[in-house]
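Number of protein chains: 2
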Amino acid sequence: MDPSQVDIAPHKDLTIENITENVHMINSRCPDPRQKYLMERLVTHVHDFARETRLSTGEWMAAIQFLTSVGKICSDVRQEFILLSDVIGLSLLVDSIDHPKPPASTEGTVLGPFHTHDAAHEPNGSTISHDPDGEPCLVLCTVKDMAGAPVAHVKIDIWETDSKGFYDVQYADRERPDGRTVMESDAHGVFWFKAIVPVPYPIPHDGPVGQLLKMLRRHPYRPSHMHFMFAKEGYDHLITALYLRDDPYETSDAVFGVKESLIVDLGAVNAEQAQKYGVKEGGKLMTYDFVLVSDEETRRLREKEAIVAMKKLGRKMKLYHGLPVPDVD
Amino acid sequence: MDPSQVDIAPHKDLTIENITENVHMINSRCPDPRQKYLMERLVTHVHDFARETRLSTGEWMAAIQFLTSVGKICSDVRQEFILLSDVIGLSLLVDSIDHPKPPASTEGTVLGPFHTHDAAHEPNGSTISHDPDGEPCLVLCTVKDMAGAPVAHVKIDIWETDSKGFYDVQYADRERPDGRTVMESDAHGVFWFKAIVPVPYPIPHDGPVGQLLKMLRRHPYRPSHMHFMFAKEGYDHLITALYLRDDPYETSDAVFGVKESLIVDLGAVNAEQAQKYGVKEGGKLMTYDFVLVSDEETRRLREKEAIVAMKKLGRKMKLYHGLPVPDVD
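Protein sequence lines correspond, in order, to chains A and B. Residues 2 to 330 (our numbering) are what the first sequence spells out, left to right. Residues 2 to 330 (our numbering) are what the second sequence spells out, left to right.
No copy is singled out in the list; a pair is fine if it fits within one copy or between any two copies.
Straight-line Cα separation of at most 27 Å, DSSO-like style, residue types lysine-lysine; simulated pairs:
id, residue 1, residue 2
1, K165, K285
2, K233, K260
3, K260, K13
4, K215, K73
5, K165, K281
6, K195, K145
7, K13, K165
8, K215, K319
9, K260, K156
10, K215, K37
11, K13, K305
12, K13, K285
13, K233, K156
14, K313, K13
15, K13, K215
16, K13, K145
Just so you know, the hints here were simulated from the structure itself, not pulled from any lab data. Keep in mind the model is a prediction, meaning the values are calculated, not measured.
Chain A on its own, in the form it takes in the complex (with noise of 0.2 Å):
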């Protein structure tokens, strides 16, 4: 660039007090305010926690080298960096900041690092699961909007591990998608499918994330659970799972995603069901009810909730594309 055309206000002789000022200036031109925000937050933020906990040069040093493993080891079926959000909780959270539920709705959870987007599209009643070691399980669900009226027509992805508390993505030489389904509700809002009983199984702890739970004395696990994901125009996204009771890792999930109200008892199918929907009688069964809400309801509750939050944290701010920014005329 030509120098001549510096005309960022100047700086220079910055110190422990005054380099965070400093840093906001220097980024206040970015023309979106919404990421001007989110950096000045940023900055303040990581600036405050070399200053709280007066971060040495080595401790500095040892987190750029674990970020940059954490970069390393994420490929096109691993994302560590996903993996690192859940098990600091920052998944949980952001997922319930964006996608908050009213009463009665079904609540969302972590997405995890494990969904793709090369699964099948296959109709109602269709095998998701080939692992022979699997314990065969129904799964016949629902899908219903806040007044109770049937959803048709919702996209629904689901995935789950095989009976190893593998993905099918965690194979090298995985041939293609198992384990892993797109479905459609049909015109009363049903969905049903022939998965395997979920296990309990370690997140991936060979890399650098499970290095920090091993140094933080966490356990890996995940109690055994079903994904789910929904999707239809007008509808808020809906990102979730179903957890088995009485899980021994249902108190401990090393993501932090377990929900009372997801988590469902396995029944048994009986002779109608068998020959209904062509599974052996006695088998395992899975049933839900999903509860969607509407993008517009969805929108203005997350709004509210900004609303409330920016008040609390006593700033004049107003919302920018339903986000909150300062509120600076």
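Place chain B on chain A using the hints.
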């Protein structure tokens, strides 16, 4: 692990309001009090950031992807996370906290991402840059202690760019180190070498950090400077640099490194110097007297500043290996 061994405090149904204390609880079994404190402050700041900004899922995912791309571009000769730390002022802040300087000692500044460990050890008088387009510059320096006594046998790393503003490691076809050396001060605390006049240059801005600067409408330039790093047992490690006065980027350094006490005026080599040092009369001359601080004095100053900062925080703290941790006794 054996699920019967799960002995951490149970948690479930975590919300925007209670997740932070629950993550702290789960992390509280970390046996190292310093690591535990760092994690507690880190989780608090990350969660507060998300709550204060009402971070959206889309913004969270953009951050995940940004951090992943920062990690991906790191290599043996490129450290994008250090660059990121530099452009948000964190690097300078950490150096200021960890290496406090009493008045009259030489101030520190950012290490930057281009120091390497493969520079040749060379004697006084060596030529450290072989760029034929660089303007020759004789550099005459001394190293003294706080009492003004010369310090001999100090290991000094020196590195600078070539005349085009690139470090040797930025060339894909680099065969050997250039523009960098490791020297030692002699019995009089003197070290001297033949270099080239530093030029301003942009930090690497073809990666994610460059994208961030672009979003913030910031230029990527650093003012002309030469890096120095001093190491000798008993003395605080000094990472610093000398800057040329009146550089167009003197007050807008992309990484916030310039300090008035580190700005030098280039002189001209006189006849006597030309003969003594074997360079052309009238050529450029850079001189500086560096002042090192003892380990002990630095430690005292660092701990004193830490205690003052902890008092401001209003938490009951103590020092553990010289760094703050909560005082829970």
